[in-house]
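Here full-length UniProt numbering is used: position 75 in the sequence shown is 75, and no number is missing along the way.
Derived by calculation from the structure, the hints in this document are not laboratory data. Since we're looking at a predicted model, the values are computed, not measured. Treat the hints with caution; some may be incorrect.
[Stated by the list, open to error] No more than 30 Å apart at the CA atoms, straight line, and that leaves these computed lysine-lysine pairs for DSS-like:
no.	residue 1	residue 2
1	K296	K330
2	K214	K233
3	K42	K281
4	K199	K281
5	K199	K282
6	K199	K330
7	K264	K282
8	K56	K281
9	K42	K56
10	K296	K209
11	K330	K282
12	K170	K221
13	K209	K229
14	K229	K56
15	K170	K199
16	K72	K264
17	K296	K277
18	K72	K282
19	K281	K264
20	K282	K296
21	K330	K281
22	K199	K72
23	K47	K282
24	K42	K72
25	K233	K221
26	K264	K277
27	K209	K170
28	K209	K199
29	K296	K199
30	K56	K72
31	K170	K214
32	K42	K282
33	K264	K296
34	K277	K330
35	K281	K47
36	K199	K277
37	K214	K229
38	K281	K296
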Amino acid sequence: MAKLVKTLGYETDTPCLVPHYQPAVLVELTLSRDVSDYHLLKGTRLKLDDFESADKRISPDQYLSLIRNCQKLTEADDISFLYGQRLLPGFYGAVSQALQQVTNLRQAIDILCDYHVILSPLYTPRYYENGEELFLYWTDSTGSHEQHAFIIESTMSAFVSMVSWLSGEKMPWQYEFSYDEPEYIEQYWVNFGQNISFKQQMNRLRLPKQFPDKPWPNAFKLGIHGALKESDKQLAEEYSQYSFLDQLYEYIQLHINEPLNLDKVSFAFGVSPASMKRKLKKHHTSFQQQLDLVRKHTAIYLYEVQQMNSQQIAEYLCFNDMNNFRRAFKRWTGISPYHLFA
1 MAKLVKTLGY
11 ETDTPCLVPH
21 YQPAVLVELT
31 LSRDVSDYHL
41 LKGTRLKLDD
51 FESADKRISP
61 DQYLSLIRNC
71 QKLTEADDIS
81 FLYGQRLLPG
91 FYGAVSQALQ
101 QVTNLRQAID
111 ILCDYHVILS
121 PLYTPRYYEN
131 GEELFLYWTD
141 STGSHEQHAF
151 IIESTMSAFV
161 SMVSWLSGEK
171 MPWQYEFSYD
181 EPEYIEQYWV
191 NFGQNISFKQ
201 QMNRLRLPKQ
211 FPDKPWPNAF
221 KLGIHGALKE
231 SDKQLAEEYS
241 QYSFLDQLYE
251 YIQLHINEPL
261 NLDKVSFAFG
271 VSPASMKRKL
281 KKHHTSFQQQ
291 LDLVRKHTAI
301 YLYEVQQMNS
311 QQIAEYLCFN
321 DMNNFRRAFK
331 RWTGISPYHL
341 FA
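Using the sequences and the hints given, assemble the complete structure.
Structure below.
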């Protein structure tokens, strides 16, 4: 029997985010563009005083509404990139202190992933590596929907600018985006350089393997242990360490080589299939979309890391018929397995 999920993570309408963290940075930046706080906060159910409160918590959908208003009111193509450059290491307590003391890129990525609910509450970072490259990718943890591109732009800007500052060098990142090339492509060139591709299977960064373990100049090897212990205490105080979509992704990934359906997964989460459908609809997704997403990511991982061929990948993902696998893969990715795994 599949292992049951003990507690459900935060959802898009759960009051769980600290407003004087990332949301306050966005408010400050937007107001500096001569936008009135009345119009910026319209429809968010927030007041300006809320961003100064140490006790107030807001929901992801309030944060997303704030982003939507910022985009509409500023009409600036560079706003997401400028916002990202202000986010990390940030001023988020012990976790930010730990980030400032890391010894290398790998440790920075570990902290980003381990404490993502504090450092990246709307999109969850994950990484893997093979013999040649490290891959860092992000998945939607709260149903960002219309704000998808804005969040990816700011999230990647945040991470890359932090790494550049802490390491003292500009690394040869390769940038991949799942969406179409935007009209304001020059902002990508300015902020990310020329090594960019769109209509890809993930929103991710790629980097040669010689960089993750290269020592950084301003590391504080002794102090970081204490900062991480304090970070664990900070993490324990969060509503949940994972969102509902994070937990669903992890569950499907753990059981990906088993037959999965809505009824089986709903039972593992302790909810009815109807309730699961409602939760997923609230996050602008469906069970099939989430299953396809994890299958796609797993297939790419098996090819890039385990070096499996199409037949082996199909068998791992419980496809006994290659024609069915090809059709499913085309649905997940828009292309045939031959084109991706050639």
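Hints, one by one, checked against the model:
1. K296 - K330: Measuring from Cα to Cα gives roughly 10 Å; hence the hint holds.
2. K214 - K233: holds, 29 Å
3. K42 - K281: Between K42 and K281 the Cα gap is close to 24 Å, so the pair holds against 30 Å.
4. K199 - K281: Given that 30 Å is the threshold and the Cα spacing comes to 25 Å, the pair holds.
5. K199 - K282: Distance ~26 Å between K199 and K282 Cα, so the pair holds.
6. K199 - K330: It holds: about 14 Å lies between the C-alpha atoms, which stays within 30 Å.
7. K264 - K282: Holds - the C-alpha atoms of K282 and K264 are around 20 Å apart, at most 30 Å.
8. K56 - K281: Holds, because 27 Å separates the two Cα atoms, which is no more than 30 Å.
9. K42 - K56: The given pair, whose Cα atoms are some 18 Å apart, holds under the 30 Å limit.
10. K296 - K209: Holds, because 24 Å separates the two Cα atoms, which is no more than 30 Å.
11. K330 - K282: Satisfied, since the Cα-Cα distance of roughly 26 Å is no more than 30 Å.
12. K170 - K221: holds, 23 Å
13. K209 - K229: Measuring from Cα to Cα gives roughly 29 Å; hence the hint holds.
14. K229 - K56: holds, 25 Å
15. K170 - K199: holds, 25 Å
16. K72 - K264: violated, 42 Å
17. K296 - K277: Roughly 21 Å between the alpha carbons, so the hint for K296 and K277 holds.
18. K72 - K282: Since the Cα atoms of K72 and K282 sit roughly 23 Å apart, the hinted pair holds (cutoff 30 Å).
19. K281 - K264: Distance of about 18 Å is within 30 Å: holds.
20. K282 - K296: With Cα atoms ~23 Å apart, K282 and K296 stay inside 30 Å; holds.
21. K330 - K281: holds, 24 Å
22. K199 - K72: holds, 25 Å
23. K47 - K282: holds, 25 Å
24. K42 - K72: Between K42 and K72 the Cα gap is close to 12 Å, so the pair holds against 30 Å.
25. K233 - K221: At roughly 20 Å apart (the allowed maximum being 30 Å), K221 and K233 satisfy the hint.
26. K264 - K277: Holds, at roughly 13 Å.
27. K209 - K170: holds, 15 Å
28. K209 - K199: Holds, because 25 Å separates the two Cα atoms, which is no more than 30 Å.
29. K296 - K199: holds, 14 Å
30. K56 - K72: holds, 26 Å
31. K170 - K214: Cα-Cα ~13 Å, so holds.
32. K42 - K282: Holds, because 21 Å separates the two Cα atoms, which is no more than 30 Å.
33. K264 - K296: holds, 20 Å
34. K277 - K330: holds, 24 Å
35. K281 - K47: Given pair K281, K47 holds - Cα atoms ~28 Å apart, limit 30 Å.
36. K199 - K277: Holds: K199 and K277 sit about 28 Å apart, inside 30 Å.
37. K214 - K229: Holds, at roughly 24 Å.
38. K281 - K296: Within the cut-off at roughly 21 Å; holds.
Of the hints listed earlier, the one the structure fails to meet is number 16.
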